[in-house]
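Chemist: In order, the protein sequences belong to chains G and A.
Per my numbering, the very first residue in the first sequence carries number 6; after that it's consecutive.
Per my numbering, the very first residue in the second sequence carries number 6; after that it's consecutive.
Hints in this document: simulated from the structure, not taken from any laboratory.
Bear in mind the structure is a predicted one, so any value in this text is a computation, not a measurement.
Any given hint could turn out to be false.
Claimed, not checked - Estimated spans, in silico, between C-beta atoms of each pair:
1. GLU62(A) / TYR531(G): 57 to 65 Å
2. ALA455(G) / GLN480(A): 53 to 61 Å
3. PHE45(G) / ARG108(A): 25 to 33 Å
What the hints assert, rightly or not - Part of the chain A face toward chain G, derived, beta carbon under 10 Å:
4. ASP60
5. HIS242
6. VAL290
What the hints assert, rightly or not - Covered stretches of chain G (chain A as the covering partner; in silico rule of three or more C-beta atoms under 8 Å from a C-beta of chain A):
7. 118 to 127
8. 325 to 332
9. 370 to 378
10. 381 to 390
C-beta atoms are modelled at their ideal positions from N, C-alpha and C, and glycine is treated no differently.
There are 2 protein chains.
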Amino acid sequence: MTDNTRRRRVSGRARAGGRAAQRGRAAKRLARQGGIRDEFRTWIDRRIPHFDVLDAEALELIEYNADTVLEEIGIEFREFPRALKLWKEAGADVDGERVRFPRGLCRSLVQATAPSEYTQHARNPKRSTIIGGARTVLVPAYGPPFVHDLDRGRRYATIEDFRNFVKLTYLSPGLHHSGGTVCEPVDVPVNKRHFDMVYSHIKYTDKPFMGSVTHPERAEDTVAMAQLLFGEDFLPHKTVLTSLINVNSPLTYDATMLGAATVYAENNQATVISPFLLAGAMSPVTMAGTLTQILAEALAGMAYIQLVRPGAPVVFGSFAAAVSMQSGAPTFGTPEPSLVLYGVGQLARRLGVPFRSGGGLCASKVPDAQAAYESANTLQTAALAGVNFMLHTAGWLEGGLAMGYEKFILDVDQANMISVLLKGIDLSENAQALDALREVGPGSHFLGAAHTRANFETAFYRSTVADNNSFEQWQQEGSTDAAQRANGIWKKMLADYQPPKLDPAIDESLVDFIRRRKSEFEDRDY
Amino acid sequence: MTDNTRRRRVSGRARAGGRAAQRGRAAKRLARQGGIRDEFRTWIDRRIPHFDVLDAEALELIEYNADTVLEEIGIEFREFPRALKLWKEAGADVDGERVRFPRGLCRSLVQATAPSEYTQHARNPKRSTIIGGARTVLVPAYGPPFVHDLDRGRRYATIEDFRNFVKLTYLSPGLHHSGGTVCEPVDVPVNKRHFDMVYSHIKYTDKPFMGSVTHPERAEDTVAMAQLLFGEDFLPHKTVLTSLINVNSPLTYDATMLGAATVYAENNQATVISPFLLAGAMSPVTMAGTLTQILAEALAGMAYIQLVRPGAPVVFGSFAAAVSMQSGAPTFGTPEPSLVLYGVGQLARRLGVPFRSGGGLCASKVPDAQAAYESANTLQTAALAGVNFMLHTAGWLEGGLAMGYEKFILDVDQANMISVLLKGIDLSENAQALDALREVGPGSHFLGAAHTRANFETAFYRSTVADNNSFEQWQQEGSTDAAQRANGIWKKMLADYQPPKLDPAIDESLVDFIRRRKSEFEDRDY
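Using the sequences and the hints given, assemble the complete structure.
Modeler: If you want it as structure tokens, here you go:
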């Protein structure tokens, strides 16, 4: 009997049992399947091992080489004298803007004071999350200036799109964090849009969020708004912001990012120090060389944060894709960046700090098979590699240039699956199911078995988007593809959206603050 | 600087270097990227660890429970007295058609004589492959009665479609094996189509292939044709066929499959003993229970093969999906079957036999995002789980009911990536790239570096289907999605196809054999 014949034969039996099971469990199902019911999920507890591709000797080699890079070549800290001063005091060799580090200095600074995990508080305490350890926090995509949906195609993102993605993330229990620049609201002046973005993350959701990093002043505004939200006494004792600091790879930190990072560190707010590499262009064309550079850059940045404020939370970030050596275009979902990601996860765990990398990355312009293969390859890798803070989990299209509405829905479904995967295999007596095997025996089926009836509701992940029906039923329902079904889902979610309560006094103080600050300077497009 | 800004800034630099690199390397690139150039790849050598989700204690528990199932419940061997006789002689308790096994009997039979790996010879010795150990052999999908392409939609498969998929597999260096029932040629009578299928695998390719299993006589015909191809003396000393034996789960072997398996075993030909489970219907609704049943069923079948002919090659197979407990439909690419797959890989390695599981499985009817997410999730899992014989690597749509032309092309691209992933990270001095880091230093780029120029041709996997160009260029080229691009690829491959040489005397003897055998009995549709 072929696989296929077996499949069809059983399908009829299964359906009979399935129908009986449908009655009156809609609510529970909704909660389990990752629909819009809210369960205050705050992270995924990992119960399966990490996947390690490098052995101890290989890891020591990469660590040794990274120290060689830090010692011989060094890192440039550009147009930011404060960093040079701190490095000189810490015993580094400062030559102009080039800083060279005695072997082991950066590692020992990080290991001495950087926390292995930290709580990021949300305005709703039930949504406060912990970043680090055996936890995975899923976060939407970050940075796209465009949005894409099936109805209107690709267009510049607006503040309305920004709010929409904040709302969709709020309504997705599989995403634990509201993220930061979920898209660039290009209808708001560059130098003022951080107010609207941060306000949206406060107003339309109660999940934790990220701060502005495009100018030190904007980081200060973010901290000020967080103080209005959480109260003057809350910061700097508690961490309420996790913000993204990209390294100007290779081997360079610029004043913008250093300035923002310094503001956050001074206020005990978390930063994700992320070497941002398209291998072959910003790092060597080999995986071992790229791993070496990532470790060197991240070590220098995280150590700098510890010089600014010992104990300030830092996350070891990594964004490594490969350029096409034929066209120069970035590529995603290919095997070499996956291998690098597994390796960086191991390096971060040896260092003892939380680890950030990417989720559903792809180069495709539309939510097609390319987008899905590439995104799944990256997401699976990130999950098995032990990423703690998974940026770009949902929505990413076109190498990060576009945030896709349908892509977001498709990715959230995958994110929900990751939470099941990381739970691993239940080995309880109930799960061992020997009584079910005894009850059913050879040649029968398990659909009506007592064990099946007792367990089916929580048994298998049920996709929010996949069509598993027969070809004929699928045809009757319009022969839709996954993107078309996702289109209906995000529209319904936005139509049903209800905002979480926000204290009107706090809301007013935030609106006042934004009005005052916006009036203090001219609009600018940089 | 956001991820996105960085991306755009570098893209221009990269493109400049990229153009220079394009000149005169088309041939090498084609070979590397898994295009249609043939390199006689015969398997993937695995150089990264397996991903293990269960610890030793958990594995011992599953093994203990499987022995409990074999001892207490037993397995039915239906309408096949020879099996009952062999089991009685081997010391099992035979009660009607139910066979119960003393603890450890099946395991010791398998471990005593089943080979840990075996060579499957191809008619072209350069294409002979080895199944087992640290190797992965990729095989197209098996069994679909329908085919699907963008031009004609879904329709019943014909012998022409069958030949087309044999040809496409032949032209795909990433697939090491021609497979078996790549689709069901429903325009040929059921009881005679095995002749045409086996002949197509001999005539239109020189890769190794699978035999007919739908009747013991058809297995005998397959062996006879293999003898005509390889010579009377070659079989039974050498293995030239690997054929798929699905268990009639739960806990039952039927006469059809037992008959075919016995023919192959007697002739020292390999069989893949595959519990075929839709968990919740043919196995318990829990992962641990399903793992227990898979192990019990596979052990009994592989041990039976060793009773028929000690030393005959057997592969521990597993096909485990989950039914939707709401509709009864099979689902694919979800996390529970992935966890089961990781677990079965571990159980197979502890037993010391080769391991078969699925590649790009999906429920989608079309090559859309659903198809790709589901397929990538399964393929990545199978690759990391250490599958030795990966059936259904390419083409599978609609739960195995349809073989997709575009899906095949998309999956082959992913299969090519798996071969890169499993190679792991090169740690040679060249790959460490310290000289490249010294040469380039902070703030510059690697595109023109000597190290990049020396290594770029073999550096990164280049997809055959993905579009990594700018949005504008993609628009100019017709705004295609991945399936549309795949459509052009398979048509070009078929148009360019050249058959491998086949000795005319052998060809004639096969055609004569088929003509004679077909004339000996009436057409039947079962």
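Chemist: Look at each hint and say if it fits the structure.
Modeler: Hint by hint, here is what the structure shows:
1. As the Cβ distance of GLU62(A) to TYR531(G) is approximately 60 Å, the hint placing it in 57 to 65 Å holds.
2. Between ALA455(G) and GLN480(A), the C-beta spacing of about 58 Å keeps the proposed range 53 to 61 Å intact.
3. Between PHE45(G) and ARG108(A) the C-beta distance comes to about 47 Å, which lies outside the given range of 25 to 33 Å.
4. At about 9 Å, the closest approach between the beta carbon of ASP60(A) and any beta carbon in chain G falls short of 10 Å, and the interface hint on this residue holds.
5. This hint is violated: HIS242(A) has a C-beta 29 Å from the nearest C-beta of chain G, more than the 10 Å allowed.
6. For the restraint placing VAL290(A) at the interface with chain G, the shortest Cβ-Cβ distance is roughly 4 Å, inside the 10 Å limit, so the hint holds.
7. Counting residues of the segment 118 to 127 of chain G whose CB lies closer than 8 Å to any CB of chain A gives 0, which falls below the minimum of 3, so the coverage claim is violated.
8. Only when three residues or more bring their CB closer than 8 Å to a CB of chain A does the claim for the segment 325 to 332 of chain G stand; here the count is 6, and the claim holds.
9. Taking a C-beta to C-beta cut-off of 8 Å, the segment 370 to 378 of chain G contributes 9 residues in contact with chain A, enough for the three needed, and the coverage statement holds.
10. For the segment 381 to 390 of chain G, the proposed coverage by chain A is satisfied: 5 residues have a C-beta within less than 8 Å of a C-beta in that chain, meeting the threshold of three.
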